[in-house]
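Peer 1: One letter stands for each residue in the lines below.
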Amino acid sequence: MIPAAFDHVAPTSLDEAIDLLARHGPDAKILSGGMSLIPAMKLRLAQPAVVIDVNGIPGLEYLHEEDGVLRIGAMTRESALERSGIVRHGYPILYETAKVIADPLVRNRATIGGNLAHADPANDHPATMLALAATIVVRGPHGTREIAADDFFTGFFSTALAEDEIVLEIRIPAPSATTGSTYLKFERKVGDYAIAAVAVNLQVDASGTCTAARIGLTNVSDVPMRARAAEAALVGQRATASAIEGAARAASAECDPKADLRGPVDYKRDLVRVLAGRAISRAVARAQGSAN
Amino acid sequence: MVTTRTTPEIGGMGHSPRRKEDPRFLQGKGNYIEDVKLPGMLWMDIVRSPYAHAKIVSIDASKALAIPGVLAVITGKDLEKYGLHWMPTLMSDTQMVLPTDTVKYQAQEVCAVIATERYIAADAIQAVEVEYEELPVVVDPFKSMQPGATLVRPDKGKDTNHIWHWEVGDAAATDAMLQASDVVVKEHIYLPRIHVASIETCGCVASFDKIEGKLTVWMTTQAPHAIRTVLALVAGHVGLSEEKIRVISPDIGGGFGGKVPVYPGYVIAIAASVLIGKPVKWIEDRMENLQADSFARDYHTTAELGVNRDGTLTGLRIKTLADHGYADAAANPSKFPAGLYHICTGSYDLKGAHVEVDGVYTNKPPGGVAYRCSFRVTEAVHAIERMVDIAAHEIGMDPAAIRMKNFIEADAFPYKSVLGWEYDSGNYHLALRKAMDIIGYEDLRREQLEKRARGELMGIGICSFTEIVGAGPSKDFDILGIKMFDSAEIRIHPTGKAIARFGTKSQGQGHETTYAQIVAEELGIPMAHVQVEEGDTDTAPYGLGTYASRSTPTSGAAAAMAARKIRDKARKIAAYLLEADEEDLEWEPGRFSVRGNPEAVKTIQEIAFAAYTNHPQGMEAGLEATHYYDPPNLTYPFGSYICVVDIDKGTGQVHVRRFVAVDDCGNIINPKIVDGQVHGGLTMGIAPALYEEISYDEAGNCLGGSFIDYLVPTAVETPHWETDKTITPSPHHPFGAKGVGESATVGAPPAIVNAVVDALWHVGVRHVDIPMTPARIWKVLRDHGVEG
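Taken in sequence, the protein lines are chains A and B. First residue of the first sequence? That's 1 in our numbering, and the numbers climb one at a time after it. First residue of the second sequence? That's 293 in our numbering, and the numbers climb one at a time after it.
If you are wondering where the hints come from, they were derived from the structure by calculation, not from laboratory data. Careful, some of the hints might be misleading.
To be verified - Computed footprint of chain B on chain A; a stretch qualifies when at least three of its residues, placed anywhere within it, have a C-beta under 8 Å from a C-beta of chain B: (1) 1 to 9; (2) 181 to 192; (3) 262 to 269.
Glycine included, each C-beta is placed from N, C-alpha and C at the ideal position.
Kindly generate the complete structure, drawing on both the sequences and the hints.
Peer 2: Have a look at this one:
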């Protein structure tokens, strides 16, 4: 559990960091919170020659609402999301995601940008960002661009980020009055990755009909995924128990879990059904004005 | 309730002063192995096998040796030159220090690198090139017992992987009793491999002084004196003589049985220091600790219990296959290869029992040590407590009622069990009734019926355990021939303060406080004035160490006996000072007074001063005593635990809603420390019940070898413990104490399993093995038609 030798560089500006990325290419790794990178290095699963420590770059830790969009700086710590009144009251799904990531010690260091850039299908934020239709703003040598969460996760631990790009900001559209959202995670013990988790963000109109739904699933596929069949089973339907059960079964069918020490495939599939049913029910209740 | 004879200032038995050791621990000022830093100290790291069984074709260390700062790569062939490549286990089996030709389990030591820095050593182990030729692997102990199975230990010269057979009890009488019973319940119970996972991993600093020829080893050991003797016995031929070996156990970050054995890493570090003449430090990382150090449990048991329709339990038959990995590296008393497993008749007055255990080799790490329990007591309690519950459900009797009907009666103690133990004292009915009253047992049963009618799954589980601790009477108990007494040495200084040294070694239990309280109780010297030391073989009296809840029953008793010797001498000095007859003196804690003349008083402090300044002519100066205590019997702590669980039919999660623990450990030295021991023990009890397991795939790859998958519960997983006590003193212990460190770890798991099965009996579930993970419970539910 001792890392291989590496160089540590600590740029003080974004441009400097991007220069360093461009110069070192695949030999370099960005160190933000370090809560995934450092364990990987200690196990020698990752042996970067250069670690670019971006903690000294000012202006990347912030969180505010502006023109109907929640903007979160990439270096914002999970603990800041957990403690933010804006998040807690306006974005319950994000609050529920942040507070179940690992444990308090990790959340004090871990960043939302690092969580997304690492693109571990077991990480909690990807499913939530898919459900929230978030935009990830990145910068490289050729400037800034926006990537939709739907396009961001491209494969197993891989993203649409170019080698010389760095995550700047996460943008989340503000919910409407008819929005209900939640993140429901089931883990073996606190601090563990999810056996499965479900992120739900939907809208229910005055007649009780679900008018929009986005559902993300955690750790039941190689790539963070949307449960599109489950969404389709809900949208345009009255949000009854049987519609919710139908959507939950669809999510169970479309996920693609692997067996591991968290459980066999059939267990994980059934767990997705159970969690999706509970999460959708809670989101519907919230959309209809429940405080829970 | 707990009573006191001393003032809070003296702080004898029954008081709960703050722990004397805590200021240094809470301020990060403990002195652990990692804190030992010596001039010129080198670092060792170990190359470990990726295979569970393989021939070592070659070891090429040239690239490692080319790294600046790497001084040596030590292989089994190097140690073979000194006859140090094999070593004995505590069970008189043998295990490799480093292999010369084959490796027998994944993560086994292959060779060791010595370097000037920790990081260089870590780089160097990556640079050592080892060529392996894989060999067939046997992981399953049942397959290992079959004819033609791959031989794990061909060096034994036997055509079998069977290590030993052990049995006790009357087989024919037990058979007859079972046949005559109305019902015989039978179940297969597997207690999987688990690991104590102490927060501090194992390690040492070995420092050989070539000029003096003296070896000093700071090491994470629960038994420093025994280790010194073992080192002298196994390394005497290379010139290590016992007076030239000093073993120091500094602060220890948790032991639980895992720091009793001698691990190869210690021996390699010592050999390296002797060869190089510089101090060598070795500290395991977490994965090495989990994957290579001695495991606990791994008992495959088939149990049969007879019961009559009126609820009378009759006979018990148990057959167990004990998977020891590639060596029997347990730490049991020599006479008992399965430890004290034959305490398995538990708290019940059974008239017949027969137990058989067979040890077997497999390609897994060696071991069979405790997990915070006394020599296989957990395995025994799990078996009987599960079987009693199954019997109760089978005949339609309440699990509490069947226990009450079959408990050994309070007036039957001392009670001789059918398998040969003499239980010292107990009042089992009282403890269970108290637990039932606290938890509201009858109300819970009504609630359960209502919930069941609504399709909800709620269970109530009881465990009424009897522990067997404090080994032991030396006529029966030894480790490698060394009798299992333990010791105390107390010296009173002229100003009335004291230092007390012991053969045991605290690993967090609070000995510095409780031993001081025993001295305070016996001599009336304030516990704050009693300095307690353990763990340095150059200064402490000889002893067998701390494990199996034996410190209070043995060294604690020795402290009282040594203090009483001091009090006897103090009486003589007081009589001299007061010009009175010894017979006319009355003792109360801290002072002698003359009967009928309460003004004529000498305090223990005045007497201590006189012992050095004004002692009677003809009397030896000084005021000190040593005692080696050989207990006349073991002690038998007990308790009744009741827990309530709710099961989530969708996820399979078991939620422990309430947990009441009523413990009886005899007279109590420090109630707060006892509570702390019970809280910690209960948490280590839910751990194997719900979370922890180390398993292997068919190729012998370790699963669960890091904290990602070895799930040590945290405060979040820990239920709110509701603790209480009854007090039934031990009649043979000098102050009636019994030991408590392990009761809760022993008693908690079956209570939780019984609760889960209680919730599911009506759908056809009879037994669930641990750990009862959500995935496992989900399968049980779906297999029995419960949808969620």
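Peer 1: A separate judgement is required for each hint: does it hold in the structure or not?
Peer 2: Hints, one by one, checked against the model:
Coverage of a stretch by a chain is defined here by at least three residues with a beta carbon nearer than 8 Å to that chain's beta carbons; for the segment 1 to 9 of chain A and chain B the count is 4, and the condition holds. Closer than 8 Å: that is the beta-carbon criterion, and the segment 181 to 192 of chain A has 6 residues meeting it against chain B, so the requirement of 3 holds. Requiring three or more residues with a Cβ within less than 8 Å of a Cβ of chain B, the coverage given for the segment 262 to 269 of chain A holds, as 4 such residues are present.
When the structure is compared with the earlier hints, no violation turns up for any of them.
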